[in-house]
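*Asks:* Single-letter residue listing:
2 protein chains.
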Amino acid sequence: MRKKTLDDVLRSTWNAVSKMYNREASKFDSTMATGFALLNIEPEGTPSTSLGPKLGMESTSLSRLLNSMEEKKLIKRVPNPKDGRGVLIFLTSFGKEKRDDSRSVVLNFNNVIEKNLTNIQIKHFIEVADCIERESKQFEHFILNNIPRNYGS
Amino acid sequence: MRKKTLDDVLRSTWNAVSKMYNREASKFDSTMATGFALLNIEPEGTPSTSLGPKLGMESTSLSRLLNSMEEKKLIKRVPNPKDGRGVLIFLTSFGKEKRDDSRSVVLNFNNVIEKNLTNIQIKHFIEVADCIERESKQFEHFILNNIPRNYGS
Chain A
0 MRKKTLDDVL RSTWNAVSKM YNREASKFDS TMATGFALLN IEPEGTPSTS
50 LGPKLGMEST SLSRLLNSME EKKLIKRVPN PKDGRGVLIF LTSFGKEKRD
100 DSRSVVLNFN NVIEKNLTNI QIKHFIEVAD CIERESKQFE HFILNNIPRN
150 YGS
Chain B
0 MRKKTLDDVL RSTWNAVSKM YNREASKFDS TMATGFALLN IEPEGTPSTS
50 LGPKLGMEST SLSRLLNSME EKKLIKRVPN PKDGRGVLIF LTSFGKEKRD
100 DSRSVVLNFN NVIEKNLTNI QIKHFIEVAD CIERESKQFE HFILNNIPRN
150 YGS
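Going line by line, the protein sequences match chains A and B.
So the first sequence is numbered by numbering that gives the first Met the number 0: it starts at 0 and just counts up by one.
So the second sequence is numbered by numbering that gives the first Met the number 0: it starts at 0 and just counts up by one.
The reader is advised that the hints may include incorrect statements.
Unchecked claim - Result set (EDC-like, lysine to aspartate or glutamate): computed pairs, CA atoms no more than 16 Å apart in a straight line: (1) B:K114 - A:E96; (2) A:K95 - A:E41; (3) B:K18 - A:E139; (4) A:K71 - A:E139; (5) B:K26 - B:E132; (6) B:K53 - A:D7; (7) B:K81 - B:E43; (8) B:K26 - A:E139; (9) B:K97 - B:D28; (10) A:K122 - B:D7.
Derived by calculation from the structure, the hints in this document are not laboratory data.
Model the full assembly from the supplied sequences, consistent with the hints where possible.
*Replies:* Written as structure tokens, this is what we have:
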């Protein structure tokens, strides 16, 4: 049995969270991805291009998701007045209802977690997560640019 | 802009890590999922049924992954002598080589992260992650059994 690394911890925790959210969403014939998208569309409309990075999705899966959300009448796509080729995504009133449902689920879950934790635990959790995210991006930069990494001694 | 919840932090961190690992793996025509599978196959053989939960994968995606790994001659499937209907997964010698490569990548990455962190930060990170994982499973249990949750006040 190999030692658990920090990214093992991260992966298995995220797996548990996404399994739970997908299970909850499936009761309403929805998915976690739909819920997160609803929560990330601003009232004044969100450019479709800024949604991908927010949700951490590649453009093909994002456009599949947006198509399915449009079919379910959760969102509408409107040409962006500030960008001739761009599209703004808006929530329909049905979408707003569902966004409020998603928000309650997320807030309830996070409230329950936070009740079990101290402020310093939460602070350190966020610091470690930030460090992991920063280093991931740094490593990715090295990989993309074929820069040899000095792993130190 | 909504407040960042703990699961937002978790999600965006995991997204950054998996993007980086997939980028690294793609240099070798591989994927992060293949690397994690290699790292989770024991020298004495791992029952295919225990691999899914370890990797957090559903059985259809797992069997697709194992098929592709078998095609690439990274693993072989052998009938389980202790279980007539079961299958044991073994690494080939090529698979062992690739497992060692994956292990270096993972250890190097985790070493770099840990050098930036104190023991208490790491301890709290793991405690918070454990708490999130435990509560996710608890919520999932409630969802599956239709038990109304008392969100407390």
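*Asks:* Does each hint hold? Answer for all of them.
*Replies:* Cross-check of the supplied hints:
The suggested pairing of B:K114 with A:E96 is violated, with an alpha-carbon distance near 46 Å, which exceeds 16 Å. Restraint check for A:K95 and A:E41: satisfied, since their Cα atoms lie roughly 10 Å apart, inside the 16 Å limit. A distance of roughly 8 Å separates the Cα atoms of B:K18 and A:E139; the hinted pair therefore holds under the 16 Å criterion. A C-alpha spacing of about 36 Å is found between A:K71 and A:E139, which places the hinted pair above 16 Å, so the restraint is violated.
Note on B:K26 and B:E132: the hinted pairing is violated, with a Cα-Cα distance of about 32 Å set against a maximum of 16 Å. Taking the CA atoms of B:K53 and A:D7, the gap is about 10 Å. The hint holds against a cut of 16 Å. Among the hinted pairs, B:K81 with B:E43 is consistent with the structure: their alpha-carbon atoms are about 13 Å apart, no more than 16 Å. Pair hint B:K26 plus A:E139 holds up; C-alpha atoms about 12 Å apart against a cutoff of 16 Å.
A distance of roughly 12 Å separates the Cα atoms of B:K97 and B:D28; the hinted pair therefore holds under the 16 Å criterion. Using a Cα cut-off of 16 Å, the hinted pair A:K122 and B:D7 holds, with the two alpha carbons roughly 14 Å apart.
In summary, the structure is inconsistent with hints 1, 4 and 5 from the numbered list given earlier, while agreeing with the others.
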